[in-house]
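Enquirer: Below are the chains, spelled out letter by letter.
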Amino acid sequence: MIALRHKTAQSAFIICFMVFLPAYASGESAPSGIHWAFVKPQRPSTPPISNTKWPCNDIDRFVLKQIEDSSLQPSVETGARTLIRRLHFDLTGLPPTPADISAFENDSKADLDSALEKLVDRLLSSPHFGEKWARWWMDLAHYGDSDGYLTDQLRPVAWRWRQWVVEAFNRNLPFDRFTIEQLAGDLLPGATTQQRIATGFLRNTLSNREGGADLEEFRVLQVKDRTSTLGTVWLGLTLQCAECHDHKHDPFPQEEFYRLYAFFNNADELNINAPLPGESGKSAPAKIAYDRKRHELLEPVSDRLEALQKRWEAKLLDTENNPGRDHHWDRELELLGLIWGGNLGEGQLEGLNILSKPWTQRTPIESARLQDYFLRKGSRIDEKKFKELRIDELVEQLGELETNLPPITRAPTIVKHHVYRPTHLHTRGNFRRPGKEMQPATPGALHPLQSQGTPNRLALARWVISADNPLAARVVVNRLWQEIFGRALVITPDDFGIRGARPSHPGLLDWLATEFIRRDWDTKAMLRLMVTSATYRQSASLTPASLARDPDNVLLTRYTRQRLSAELVRDNALAVSGLLNRRIGGPSVRPPQPESVIKESFSGKWEVSEGPDRHRRGLYTFIQRSAPFAQSVTFDFPDNTRPCTRRIHSNTPLQALSLLNDPVFFEAAQALAARLLQEGSPSTHERLYRAFFLCLARAPLPSETARLEKYLAAQTDILRNAPEEANAMAGKPIEGLHPPVQAAWVGVASILLNLDEFVTKQ
Amino acid sequence: MTMDRNTLGQIQSRRRFLEQTACGLGGMALWQLMADDTGLKAHFAPRAKNVIFLFMPGGPSQLDLLDPKPAMKKHHGQPVPRHMLDNLDDGLIRGSARVFASPRTFKQHGQSGMPFSDYLPHLGRIADDICLVRSMHTNVPNHTPGQLLMNCGQQIFGHPSMGSWVTYGLGSENRNLPGFVVMTSNSGSGIDAGTANWSNGFLPPEYRGITFRASGDPVLNLSNPRGISATSQRARLDAMHDLNRQQLAKIGDPEIASRMASYEMAFRMQSAAPELLDFSGETKATREMYGLDNDITRAFGTNCLLARRMIERGVRFVQLYHSTWDDHSNLNTKLKQNCDMTDRGTAALVLDLKQRGLLDDTLVIWGGEFGRTPMNEVRRGNTPGKEGRDHHPFAFSMWLAGGGVKAGHIIGATDELGYHITRDPIHVHDLQATILHCLGLDHHKLVYNRNGLDERLTSVFEARVIKEIMK
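Heads up: the sequence lines are chains V and L, in that order.
For the first sequence, the positions run 1 to 762 when our numbering is used.
For the second sequence, the positions run 1 to 471 when our numbering is used.
Here chain V stands alone, though its shape is the one from the complex:
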């Protein structure tokens, strides 16, 4: 390991070693021979502590126990202002307003605990709560608005699932149901449209629509992605290691990967009509009329059409079984899988799936859809007949009919394959080398799946979030903890296996996991526990001694400062400057970005959103997988082709350039300056005071005010002699204000938006 050659790295290695080894020294021992994470967590009793005044809830007892065992002290409680900013970012991802701050300060003067309860209540019920936590979940689902591979076609309705997630967090859908609906909502008895939309979770896999791509190969890749995503997200396991061979470290033979794979091998992609509010009222009568007219139009030739289509289908099915005989028909078959619903984000193989169903088993929608495709693309079967029957005219008339049909917004979902699709082991991971047949089953090292007959995806979903699962609750609370505290209790959130890290606080992890189950998977309750703990309320200040002793704050003797995520850096600047459009939900938007960036994508297209859509929150920014939004990438937006269990928070010169010079951040600086100059008191002092409250939720120190006053004076002087610069810098002129003054305030605003403190939760 290269990094180990550094002396400092070696000492860090030793620190890590010392911290992790005693994982089970404090009483909780795993049954011998079984890896700790595979044993169901038992509710630990809270440990005895000396300083009984410090804890606010049971979390703190576990934390304090280890602090005291190391003869350390927790940090002091942070001030109300710091706390409210921290809470706002953690629960809603948006900064508090000056009014929020003073209200909380007033409340907390009487009783901090009850003020905090009230504030946390307010934030947990804010509609922005769902936005903040949806993005957290989108990282795991590896959400994207395009296909990913070559041509990277658009998925204009992918957002339907995102919307479902935002709403699910807002209504605090218990995490077990949250899980079941996303993995198998379609299989629930009487599944609602919303429950089917939830399965869009499984639609975040990539699609390959490149000519010549083996359709089965890429379907298999999707199934493998779904299987390993389940492993990462709910089990914290690296099951994908067992795709080609037995897992090298954990007790998962290769066969078990394919048993799990078998559940998803029977899942197909299908887009459904999922009308938005207001859409269905208009469309239902229109649809009846459409169906009638369609029938009238096709009726006269229906027998001949059917005969022709059956010939076409027979030819395609024959080609499927005998490829390589006629390249024209190879291509016809391939096209059906490549172009079906392209750029509409429809399931690529929907057409082929319908084709493989006997006519009598097709639903009317399926029949109509394949017929539509056949009429438009099927002429190779008999060009003469196509002319005879004037199919091109029919297609034109059908097209006209469709234009009168009010659109219904569709949604990507998952349904079960119409017949049972058998699964074989892939020898060395190669789908072209099938091994023995595998029945759907869950890994033997984990709790058993109870089922009568062959278990389906719903049984799998129930199994994964069962209270008997030793992993799910631990894995999820670990990631909630990581999002709040900046460092997970198990610092390998994607690997709870034998080679993963040991928990820094095993008792706390198990307490949280059992508490999550005890509270019926109430996510908001778990977050409330975390953010009202004394652990959370500590100051972030550190000293050289505390830094040297515990540089990563493993023992939680302070609050760990964290740079805001890519989306929140931008949201924050837009919010404090007043530019943010707080509209919740809807399709993805494309904020402006430089032409040169756009050209890096395959399509080279990025239709910039206009008006208020330029300033939506970051989670709504369109994710073109082949060229993700450049500014987000600069701030460590994750690879969206696989689950991201932990964001990186790097610190690079490109981030500095972005905050200093990126048009959107400078626009925010101009807007913030205008806001300061137009609202409130005209005194420089008070304007600075307000600026600090807006941006940093605190009052400036006298030395800070002095420094900025000095900057203002000097800049105003310089800009007086550079009117062009002053005008350009100031932006939209404010009546009655000298441009040099306005411009100097833009400078001040921009300084604040660039401060480390501004982009940091502390």
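Hint data in this document are derived by calculation from the structure and do not stem from the laboratory.
Virtual Cβ for every residue (Gly too), placed ideally from N, Cα, C.
Watch out, some of these pointers could steer you wrong.
As the list claims (entries may be wrong) - Straight-line distance between alpha carbons at most 25 Å, and here's what the computed DMTMM-like set of lysine to aspartate or glutamate pairs gives:
| # | chain 1 | residue 1 | chain 2 | residue 2 |
| --- | --- | --- | --- | --- |
| 1 | L | LYS250 | V | GLU105 |
| 2 | V | LYS599 | L | GLU455 |
| 3 | V | LYS315 | V | ASP291 |
| 4 | V | LYS248 | L | ASP442 |
| 5 | V | LYS710 | L | ASP278 |
| 6 | V | LYS599 | L | ASP295 |
| 7 | V | LYS248 | L | GLU455 |
| 8 | L | LYS41 | L | ASP360 |
| 9 | L | LYS406 | L | ASP360 |
| 10 | L | LYS250 | V | GLU686 |
| 11 | V | LYS248 | L | ASP278 |
| 12 | L | LYS250 | V | GLU77 |
| 13 | V | LYS599 | L | ASP293 |
| 14 | V | LYS315 | V | ASP372 |
| 15 | L | LYS250 | V | GLU709 |
| 16 | L | LYS386 | V | GLU210 |
| 17 | V | LYS605 | L | ASP217 |
| 18 | V | LYS605 | L | ASP295 |
| 19 | L | LYS386 | V | GLU332 |
| 20 | L | LYS386 | V | GLU334 |
| 21 | V | LYS248 | L | GLU462 |
| 22 | V | LYS599 | L | ASP217 |
| 23 | V | LYS710 | L | GLU264 |
| 24 | V | LYS599 | L | ASP278 |
Said to hold, decoys possible - Cβ pair distances, simulated, as ranges:
| # | chain 1 | residue 1 | chain 2 | residue 2 | range |
| --- | --- | --- | --- | --- | --- |
| 25 | L | ASN330 | V | GLU595 | 42 to 52 Å |
| 26 | L | THR105 | V | PRO358 | 38 to 48 Å |
| 27 | V | GLY342 | L | LEU85 | 24 to 34 Å |
| 28 | V | HIS418 | L | ASN294 | 58 to 68 Å |
| 29 | V | GLU388 | L | ASN330 | 52 to 62 Å |
| 30 | V | VAL39 | L | ASP442 | 35 to 45 Å |
| 31 | V | LYS248 | L | LEU88 | 29 to 39 Å |
| 32 | V | PRO277 | L | LYS336 | 37 to 47 Å |
| 33 | L | LYS336 | V | THR192 | 51 to 61 Å |
| 34 | L | ASP217 | V | LEU737 | 52 to 62 Å |
With chain V's structure known, arrange chain L on it following the hints.
Expert: Chain L alone, transformed into the frame defined by chain V:
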């Protein structure tokens, strides 16, 4: 105990802190730390210090450029002989396709007598400087996986690019520029695998390839907003530092110092990058050599000249992308267009590096993710005059120059149609192992532990350093 990305991140943050507190705040930043690490990490004496990879997405036709097959004439219009297709597992190459003899003429160049197509008149000038490999092969016939395999060692997303691995292993020698730079040009289409080609994958983000652009801002947001002069940028920074410093004193988090250092580095980059782009010091002869005064050759030529200037300034890994060579139809026209755009700049780059004594230390690589079929593509029903070739993973050509590889030398050979390799097959992973080897890195030892697996560029696959390519 395993070292994973979390642990590494912690080590880096501590390393940053310790080095910063020891050195004060004189503008330390990650890239600078990387620069300071130079020379620490090579596994053995390197042959090359830097790499320039001219990557040609889409798959240029080796049969019309670098691997002449006169015998194709007698098969023209005929099916490929049956024995060539035995046991082939390939979705693209259908048995019904017919051989399409290259319409190109080939001429021998240099002392080595290396034959190149009439579409590459300039390449002839460096015939005696390059080592041509005619026996490359890869695993996949599709662009995205193929490009990922060539650049990142695996045909799936999420793995670090070669440039990321190299800067991770060796650091950079320039404190004001990134260590891994990417430049793009095209003849109308983008790059199939997009920015994933220069992704840092699971390596820390500072190893990501940074896109440099010849027009507009060379680096994203490099220029100040309108109205902000260099002086007022400095004034902004100074005030910012003073406020940050107060926070640092109060909070004590070394990350604050680190952020200040990043801002200083950014500021220096604001002058270093324009200096890099300022060609006023280049002679007229140089400009002409790279074709900067010609509309067709300018874009790629500029990137080539920039590549040389970056190498001079210690940038470790420069990668040029020129897309796309995916000539399924109209091969004659489209291939010529790309050759016209890139041939001059390519030759100029090698000649220029050589005349400046930089070629010995710089490994130049040219090639795409796969080659093209000996047959006219039939899936799209190409008619005479509009012929094109499909993707061909079984045999294709690339070339290398400088950096300790043989000059004026040809490795490998293919059968009479160029369908299969007949001598010295070289897999993509072999090439990658060889590139690392030239840089003094052992591909088995340049590892990053993730989920208990020592990840490497060549992954878990067998790879062979191509010793016979070395001088």
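Enquirer: Evaluate each hint against the coordinates.
Expert: How the hints compare with the structure:
| no. | hint | result |
| --- | --- | --- |
| 1 | L:LYS250 <-> V:GLU105 | 22 Å, holds |
| 2 | V:LYS599 <-> L:GLU455 | 32 Å, violated |
| 3 | V:LYS315 <-> V:ASP291 | 29 Å, violated |
| 4 | V:LYS248 <-> L:ASP442 | 24 Å, holds |
| 5 | V:LYS710 <-> L:ASP278 | 36 Å, violated |
| 6 | V:LYS599 <-> L:ASP295 | 19 Å, holds |
| 7 | V:LYS248 <-> L:GLU455 | 14 Å, holds |
| 8 | L:LYS41 <-> L:ASP360 | 20 Å, holds |
| 9 | L:LYS406 <-> L:ASP360 | 11 Å, holds |
| 10 | L:LYS250 <-> V:GLU686 | 23 Å, holds |
| 11 | V:LYS248 <-> L:ASP278 | 53 Å, violated |
| 12 | L:LYS250 <-> V:GLU77 | 15 Å, holds |
| 13 | V:LYS599 <-> L:ASP293 | 23 Å, holds |
| 14 | V:LYS315 <-> V:ASP372 | 18 Å, holds |
| 15 | L:LYS250 <-> V:GLU709 | 21 Å, holds |
| 16 | L:LYS386 <-> V:GLU210 | 21 Å, holds |
| 17 | V:LYS605 <-> L:ASP217 | 19 Å, holds |
| 18 | V:LYS605 <-> L:ASP295 | 24 Å, holds |
| 19 | L:LYS386 <-> V:GLU332 | 21 Å, holds |
| 20 | L:LYS386 <-> V:GLU334 | 22 Å, holds |
| 21 | V:LYS248 <-> L:GLU462 | 18 Å, holds |
| 22 | V:LYS599 <-> L:ASP217 | 14 Å, holds |
| 23 | V:LYS710 <-> L:GLU264 | 21 Å, holds |
| 24 | V:LYS599 <-> L:ASP278 | 23 Å, holds |
| 25 | L:ASN330 <-> V:GLU595: 42 to 52 Å | 28 Å, violated |
| 26 | L:THR105 <-> V:PRO358: 38 to 48 Å | 58 Å, violated |
| 27 | V:GLY342 <-> L:LEU85: 24 to 34 Å | 31 Å, holds |
| 28 | V:HIS418 <-> L:ASN294: 58 to 68 Å | 60 Å, holds |
| 29 | V:GLU388 <-> L:ASN330: 52 to 62 Å | 35 Å, violated |
| 30 | V:VAL39 <-> L:ASP442: 35 to 45 Å | 41 Å, holds |
| 31 | V:LYS248 <-> L:LEU88: 29 to 39 Å | 33 Å, holds |
| 32 | V:PRO277 <-> L:LYS336: 37 to 47 Å | 56 Å, violated |
| 33 | L:LYS336 <-> V:THR192: 51 to 61 Å | 59 Å, holds |
| 34 | L:ASP217 <-> V:LEU737: 52 to 62 Å | 31 Å, violated |
Checked against the numbered hints given earlier, the structure breaks hints 2, 3, 5, 11, 25, 26, 29, 32 and 34 and satisfies all the rest.
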